[in-house]
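Peer 1: Sequence:
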Amino acid sequence: MENQLQRSRAVLPIGTVMKLTELSARQIRYYEAQGLVKPARNAGNRRLYCLSDVDRLLEIKGYLDEGFNMTEIKRVYEKQAKRSHRQHKPVTDEDVRQVLHNEFLTIGGLRHKSSQFFPPDGPTTK
DNA sequence: GTTCTGACA
DNA sequence: TGTCAGTA
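With positions in the first sequence counted from 1, the corresponding number in the working numbering is that position plus 1.
Derived from the structure by calculation, the hints contain no laboratory data. Built from N, CA and C at the ideal position, the CB exists for glycine as well. It is possible that some hints are incorrect.
Unchecked claim - Just the calculated beta-carbon pair ranges, DEER-fashion: (1) 68 x 43: 15 to 25 Å; (2) 44 x 9: 11 to 21 Å; (3) 44 x 7: 30 to 40 Å.
Claimed, not checked - Below, a list of computed lysine-lysine pairs in the DSSO-like style, where the Cα atoms sit at most 30 Å apart: (4) 39 x 62; (5) 39 x 75; (6) 62 x 75; (7) 75 x 20; (8) 62 x 20.
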């Protein structure tokens with residue numbers, strides 16, 4: 002339970018996130034511009050990331066490795082945004098993890114088949 | 001020293 | 001995406 006608080010606690014500077022995710026600051030900021038992550042800002046306008054942000058970045062990296070482009074990846078998160086909106090309850094990082102886990106399983110299965118892939122929507126419960 | 005925004009030979 | 005500039 003306290004872990005939950007820490008996961009959503011933004012305290013990591015971009016430099017740390019770079020090392021943790023193996024991504025360049027350029028990429029991390031670009032993904033933010035694409036609405037994939039919303040790091041907090043400190044008094045000096047510096048970005049502060051929480052662990053769930055790092056998780057998401059890592060997941061995004063995974064999607065990229067699987068050959069997805071920004072628009073595809075954004076679709077996945079847009080869905081989550083809708084879900085959380087419908088639930089009128091902020092999405093917990095547990096939800097995110099669960100949804101992403103399902104997406105990854107889907108990706109893995111389709112990756113071997115061939116060309117086009119259409120991430121079957123509605124992850125988890127409905 | 002680190003991060004930020006904007007821009008492009 | 002990299003990278004350089006000029007700041008904060």
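Peer 1: Which hints, by number, does the structure contradict?
Peer 2: Numbers 1, 3 - these are the hints that the structure violates, sorted from lowest upward.
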